[in-house]
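Top to bottom, those sequences are chains V and S.
Just so it is clear: in the first sequence, position 48 is 1076 by this note's numbering, and no numbers are missing.
Just so it is clear: in the second sequence, position 95 is 218 by this note's numbering, and no numbers are missing.
Calculated from the structure, these hints are not laboratory results.
All the pointers check out, no bait thrown in.
Cross-link-like lysine-lysine pairs, in silico, BS3-like; alpha carbons within 27 Å at most:
(1) S:Lys194 to V:Lys1128
(2) V:Lys1128 to S:Lys193
(3) S:Lys180 to V:Lys1128
(4) S:Lys176 to S:Lys194
(5) S:Lys126 to V:Lys1088
(6) S:Lys126 to V:Lys1128
(7) V:Lys1077 to S:Lys126
(8) V:Lys1128 to S:Lys178
(9) S:Lys176 to S:Lys193
(10) V:Lys1077 to V:Lys1128
(11) S:Lys176 to V:Lys1128
A few chain S positions that, by computed beta-carbon distances, are all more than 12 Å from chain V:
(12) Gly139
(13) Gly186
(14) Ser188
(15) Lys194
(16) Glu195
(17) Ser203
Residues from chain S that keep clear of chain V, each with C-beta distances beyond 12 Å, as calculated:
(18) Arg137
(19) Lys141
(20) Val142
(21) Ile200
(22) Glu202
(23) Ser205
(24) Ser233
(25) Leu235
Small disclaimer: the values here were computed from a predicted structure and weren't measured.
All C-beta atoms, glycine included, are put in the ideal place defined by N, C-alpha and C.
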Amino acid sequence: GNSVTQMEGPVTLSEEAFLTINCTYTATGYPSLFWYVQYPGEGLQLLLKATKADDKGSNKGFEATYRKETTSFHLEKGSVQVSDSAVYFCALNRNTGGFKTIFGAGTRLFVKA
Amino acid sequence: DVKVTQSSRYLVKRTGEKVFLECVQDMDHENMFWYRQDPGLGLRLIYFSYDVKMKEKGDIPEGYSVSREKKERFSLILESASTNQTSMYLCASNPRGYQPQHFGDGTRLSIL
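Using the sequences and the accompanying hints, generate a full structural model.
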């Protein structure tokens, strides 16, 4: 079946450090891949997406590349800020049929000033 | 921008009560979803709906029911609330199954 595995947190970084949060997936067919972010006290919001192999999604300095050969969609940011402290969820949707989004367990990021 | 509005941010109820959580979206989306979020367990799908009056069970439907009488509104019902239903509840919607979901800010429900 379809599944998403992301690195366990929490991840603690100093401001301006480089961020990587690993995400790998298992899926039949050609899913769309997403990163969502959840700030304290809020719901999830879409951070970026990629709909086919080799696509790069980017937003707010975050990037992730859809790698079909390694079934991965790792989230990266070159220089994190305190305001990036949040929980990050990797997710996939099947492009053909089905309604469910499969979410990873979430990775909490703390950024220290 | 799509707006998904959940009727309460915080709610406290007693065991055995019938509890209604309301969700409204303003973008004419076909699909709506109810999740619960618990520490260490991530998001778990309770029910979803792909059309008015249509509903499908998610991964943890026991103890819950839903109602979708109008396209923009999706209600989650706890028939007889129990303490193990204390949780954060998130509503979401999307236009098609493969597209990103838009989430409300959540309802933190405590059952005493």
